[in-house]
Amino acid sequence: MISVQTEDFQLEREYQRLIARDGAGAVVTFIGRVRDFASGDKTFLLQHYPGMTEKVLERIEQEAKARWSIIASTIIHRVGSLNIHDQIVFVGVSSKHRRDAFAACEYMIDILKTQAPFWKKEGQHWVEAKDSDQAAADAWLNADSWQALEKD
Amino acid sequence: MISVQTEDFQLEREYQRLIARDGAGAVVTFIGRVRDFASGDKTFLLQHYPGMTEKVLERIEQEAKARWSIIASTIIHRVGSLNIHDQIVFVGVSSKHRRDAFAACEYMIDILKTQAPFWKKEGQHWVEAKDSDQAAADAWLNADSWQALEKD
Amino acid sequence: MNNDIQIFYFANLADKLNCENEFFPLDSTPTTLAQLKEQLSERGTVWHELLGEASTRCAVNQAIATEDAILKRGDEVAFFPPVTGG
Amino acid sequence: MNNDIQIFYFANLADKLNCENEFFPLDSTPTTLAQLKEQLSERGTVWHELLGEASTRCAVNQAIATEDAILKRGDEVAFFPPVTGG
Chain S
1 MISVQTEDFQ LEREYQRLIA RDGAGAVVTF IGRVRDFASG DKTFLLQHYP
51 GMTEKVLERI EQEAKARWSI IASTIIHRVG SLNIHDQIVF VGVSSKHRRD
101 AFAACEYMID ILKTQAPFWK KEGQHWVEAK DSDQAAADAW LNADSWQALE
151 KD
Chain H
153 MISVQTEDFQ LEREYQRLIA RDGAGAVVTF IGRVRDFASG DKTFLLQHYP
203 GMTEKVLERI EQEAKARWSI IASTIIHRVG SLNIHDQIVF VGVSSKHRRD
253 AFAACEYMID ILKTQAPFWK KEGQHWVEAK DSDQAAADAW LNADSWQALE
303 KD
Chain R
305 MNNDIQIFYF ANLADKLNCE NEFFPLDSTP TTLAQLKEQL SERGTVWHEL
355 LGEASTRCAV NQAIATEDAI LKRGDEVAFF PPVTGG
Chain X
391 MNNDIQIFYF ANLADKLNCE NEFFPLDSTP TTLAQLKEQL SERGTVWHEL
441 LGEASTRCAV NQAIATEDAI LKRGDEVAFF PPVTGG
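For the protein sequence lines, the chains are S, H, R and X, in the order given. When the letters of the first sequence are read in order and numbered with our numbering, they come out as residues 1 to 152. When the letters of the second sequence are read in order and numbered with our numbering, they come out as residues 153 to 304. When the letters of the third sequence are read in order and numbered with our numbering, they come out as residues 305 to 390. When the letters of the fourth sequence are read in order and numbered with our numbering, they come out as residues 391 to 476.
Source of the hints: derived by calculation from the structure; they are not laboratory data. Keep in mind that a hint or two might mislead.
To be verified - The calculated DMTMM-like cross-link candidates involving lysine to aspartate or glutamate, where the alpha carbons are at most 25 Å apart (straight line), are:
#1 H:Lys282 x S:Asp100
#2 H:Lys248 x S:Asp8
#3 R:Lys320 x S:Asp41
#4 R:Lys320 x S:Asp144
#5 S:Lys121 x H:Asp174
#6 H:Lys248 x S:Glu12
#7 H:Lys273 x X:Glu432
#8 S:Lys96 x H:Asp188
#9 H:Lys207 x X:Glu457
#10 H:Lys282 x X:Asp417
#11 S:Lys55 x R:Asp379
#12 R:Lys376 x R:Asp308
#13 S:Lys96 x H:Glu280
#14 H:Lys194 x X:Glu410
Let's have the full structure, built from the sequences with the hints guiding it.
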């Protein structure tokens, strides 16, 4: 399940959804929150590209389902005006075994960070992309190439 | 914070504890639950070694705090009689950046699985340890040796 | 029958170009994305610099596209900086 | 003054040995963990087999210990199978 929304989300409710189906022995969740930032103007804005955002998130979820054995998964990303300490993003995965849930959850947030068209504005300043985020995504994508090579 | 308890735990409450301190931009949680098992007798028991269990869990938490930049962490493990679908274990970590929270959370559950003195009994049958759990723990411990070698 | 495409600009590109979206008539079809960027760059230094930046991403019909992408009327094009969500 | 140590058994070891914990008088000090296992093994085949199994873990004073650990009176020893929590 994916959702791009202005409203807040509630961890307990998302958890209950992830375990609604039988066999969910392991559940891993990630929540990203607005941290304090250096600016007199404490407004925080999340802009996105409606339409493309949903397509990218759906693709990311499908990719995770193809790579790992997942029972259920959720990606929620908020947009619009937020405040410091607000929740921004939720990624949750339930699976039979924990390895799948951990890997799929981390994969989805890592790829989201570099491919989903969201942009953060702290005060009057657009946040710049971090090399470390690209490196994290590249690690998954390079692992893909490795697997592809091994299958040859 | 560590706790060995018969009572259930509540994800939302544990989440609120993890974000109580400032700067928690990332929160990763893991929940392990009782899965259905093949046995006419559906009783499920978690035995542990009181005293040693707490020492091991505290050591695991300290090791994670030494390895990664963590704001807060929690390990809760239930003991006694449980039912299918009951929650067994909670591991949660808050940190500034997600990489630390993911790694520390997965480390703690992986090491707990192979070092904390808990034993599961499904019906009349004591569960046997899995090679895959030992392999997961060994991967962290071998990574330690690597880091140690690199520092030489 | 017009040859319009719609173009979206996001984040600092929208701020600096002072444009969030516009309809733009293609001179001719087929037109490549590279040719569109050239045409837009003629609007001035800011356009030239921002669209020429290596970090500027481009999507055609809501999927990341490369310079050789072929545009046709009705297409949706978007220019934006590296993403920073999550 | 007695030379007792306390011994705990967990999971299938407790079931098979029909014992969860006991006080056990050391013959002499120092006694190694290996010597204690030999003495307990004299109780019969089941004891011999279970304590001799490579997978059986041992803790002294609530910390994993090896065969050469030295026991003294008042110590707490535990035998158990590989752990299966989480």
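**Report entry** Restraint status (C-alpha distance of Lys248 (chain H) to Glu12 (chain S) at most 25 Å)
**Finding:** 22 Å, holds
Check the hint pairing Lys121 (chain S) with Asp174 (chain H) against an upper bound of 25 Å on the C-alpha distance. Answer holds: Lys121 (chain S) to Asp174 (chain H) is near 20 Å, not above 25 Å.
Keeping to a limit of 25 Å between CA atoms, is the pair of Lys55 (chain S) and Asp379 (chain R) held or broken? 17 Å, holds
Mind checking the alpha carbons of Lys96 (chain S) and Glu280 (chain H) for me, to see if they're no more than 25 Å apart?
Since the Cα atoms of Lys96 (chain S) and Glu280 (chain H) sit roughly 17 Å apart, the hinted pair holds (cutoff 25 Å).
#### Entry: Given hint Asp41 (chain S) paired with Lys320 (chain R) - CA-CA distance at most 25 Å
Given that 25 Å is the threshold and the Cα spacing comes to 20 Å, the pair holds.
inquiry  = Run the distance test for Lys207 (chain H) versus Glu457 (chain X): straight-line Cα separation, threshold 25 Å.
reply    = 21 Å, holds
| Would the pair Lys282 (chain H) and Asp417 (chain X) pass a check requiring their Cα atoms to be no farther apart than 25 Å? | 38 Å, violated
Does the structure keep Lys320 (chain R) and Asp144 (chain S) at a Cα separation of 25 Å or less? Violated. Lys320 (chain R) to Asp144 (chain S) sits at ~37 Å, over the 25 Å cutoff.
| query | Are the Cα atoms of Lys273 (chain H) and Glu432 (chain X) separated by 25 Å or less? | reply | 29 Å, violated
Check your understanding: Does the alpha-carbon distance linking Lys248 (chain H) and Asp8 (chain S) stay inside the 25 Å limit?
Key -> The hint holds at about 21 Å.
Given the hinted pair Lys376 (chain R) and Asp308 (chain R), is their Cα-Cα distance within 25 Å? 8 Å, holds
Item to check | Restraint status (C-alpha distance of Lys194 (chain H) to Glu410 (chain X) at most 25 Å) | outcome: 24 Å, holds
When the structure is compared with the earlier hints, violations turn up for hints 4, 7 and 10 and for no others.
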